[in-house]
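I would like the entire structure built from these sequences, with the hints used as guidance.
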Amino acid sequence: MRMIPALLLVVLALWQGVIWLGDLPAFLLPSPLSVVRALWFNRAEILHHAGSTLAEVVLGFFIGAALGAAIAVAMGFSPKLTAILRPILTFSQTIPVFALAPILTLWLGFGMAPKVAVTVLIVFFPVASAFFDGLAHTPRAALDLAQVMGASRGRIMRHLRIPAALPHLATGLRLAAVYAPIGAVIGEWVGGARGLGALMIHANGRMKTDLVFAALLVLSVMTVLFARLVALVLARLWRRYGV
Amino acid sequence: MTVVARVRGGAWIGDVPLFAPVDLTLREGQWTCLLGPSGVGKSTILRLIAGLETGARFEGEASHDRPVALMGQDPGLIPWLSVADNVTLGARLRGTLQPVQAKPRAAAPIEGATARGAAPPSGPSAEELIAAVGLTDRAQNLPDRLSGGQRQRVALARTLFENRPIVLLDEPFSALDARTRIQMQDLAARLLSSRTVLLVTHDPAEAARLGDRILLLRETGLTEWAAPGPRPAGAARPFDSAAVLEMQADLLRSMLA
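From first to last, the protein sequence lines are chains A and B.
Everything in the first sequence is counted per the numbering used here, starting at 1 for the first residue and increasing by one.
Everything in the second sequence is counted per the numbering used here, starting at 1 for the first residue and increasing by one.
None of these hints come from the bench; they were simulated from the model.
It is possible that part of the hints are untrue.
What follows is a set of in silico ranges between Cβ atoms, one per label pair, in the way DEER data are often shown [stated by the list, open to error]:
| no. | chain 1 | residue 1 | chain 2 | residue 2 | range |
| --- | --- | --- | --- | --- | --- |
| 1 | A | HIS137 | B | ILE13 | 19 to 27 Å |
| 2 | B | GLU61 | A | PRO167 | 56 to 64 Å |
| 3 | A | GLY150 | B | PRO17 | 27 to 35 Å |
| 4 | A | HIS137 | B | ALA175 | 20 to 28 Å |
| 5 | B | SER38 | A | PHE62 | 48 to 56 Å |
| 6 | B | THR136 | A | GLY150 | 25 to 33 Å |
| 7 | A | ARG236 | B | ASN163 | 34 to 42 Å |
Values in this document were obtained by computation on a predicted structure and should not be read as measured data.
From the three backbone atoms N, C-alpha and C, an ideal C-beta is built for every residue, glycine too.
Given below as structure tokens:
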């Protein structure tokens, strides 16, 4: 972590150096300084768009996580259901979200819904697969005991399998938190006028490359903070379970 | 003497026989020690009695006509539950865990507990059992704070909390150091004195100390050995008595043969 500021300085210096030496036009590669300027002069607009994106990210993350966790538990209960759902889940991941986003916009309109839907699509898979993996690997000794003790399948799920799989679920959620903003931005690229993705497309069309970079910067910072927050909350909530 | 559990038949893994056809019975109130080298199917026999998945193909019958409790080499403690909660795990898993009562009031209606479908308290309380295995000051600790011997003590208390007439012990002390193992054998002999016990072990010394009956399982089948004299009630035989040491040597010889 202590290396990061130094690394950042090196990158910024290289960036600025390339612009000076290569004499590049600003619409190809804006200087770091002009990005900061764009960020400052458009702060109100950027903040407004970032707010929309954040709302989509948070909503999509929670819906996608709940959906993914529910699917994992259902599959954990039933090997038959697993045999049916697993290939479908894997297949669903072979369809690029980029291809789905326009269709979702067609179906759900230009509001928030299609963006949230794309985020949900991106979030639920890592959550479902990581959680299911954990549910399928409860320590044998504990399961044997539970069976001899006369536990029902529901109570074994609730008291043994789910708590034992929480570290796996947390891994899925942390991964999903990093991916969630990508989903929202893809949705925004395709349709609508709000959100950092829409701002980027708009700015790019007007050759305002510095504004594109500024929006990108805000998106990155937002993603890092969101992922960090999710990780912190999970560690707080589930420390007892080895998260 | 009443037979309370029985395994009769043979087991195969694929086409390879795991053990030749055996006829093993557990008699009420006795410790039956099933001794043998690793890989001859001792644990499979125990799992057959418990009704657990074995991974082998079994042809024959396995039955028990009293409820069983299980304790294995892996204590199987739940890492996120305290010692006390691990001891009452069975009640939690059956949905009969009663909230901790402040004080049993004389006026409390008896039907309160039964009306909620909770099983009436049949055996000693978790608190008493934790005291019996000497872990009272550890009751609120998580298992990762305990030593290997202490974990097996918790597992023993949990097994006793189940209060089942038949207790199946699957190499419960194998992973312990020599001194802790002797102490655990003494403790188990005392606390499980009234039960029917199947002790699966690969340690001839353990079988010689604890067995009322000693059964040796080898690839060729099951043979019964006369125990080295009667066992003192509720205790293990002294590990250094001549009879025990001699028995240990005899068993080891035939395991090596």
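A quick look at each hint next to the structure:
1. For HIS137/A and ILE13/B, the hinted distance range of 19 to 27 Å is satisfied, since their beta carbons lie about 23 Å from each other.
2. Roughly 42 Å separates the CB atoms of GLU61/B and PRO167/A, a value that falls outside the hinted 56 to 64 Å.
3. A beta carbon spacing of about 32 Å between GLY150/A and PRO17/B agrees with the range 27 to 35 Å that was offered as a hint.
4. Look at HIS137/A against ALA175/B: about 22 Å separates their beta carbons, and that is inside 20 to 28 Å.
5. Checked against the hint of 48 to 56 Å, the pair SER38/B and PHE62/A passes, with Cβ atoms roughly 50 Å apart.
6. Between THR136/B and GLY150/A the CB atoms are about 28 Å apart, so this pair conforms to the stated range of 25 to 33 Å.
7. Evaluation of the 34 to 42 Å hint for ARG236/A and ASN163/B yields a pass: the beta carbon distance comes to about 38 Å.
Against the hints set out earlier in the document, a violation occurs for number 2 only.
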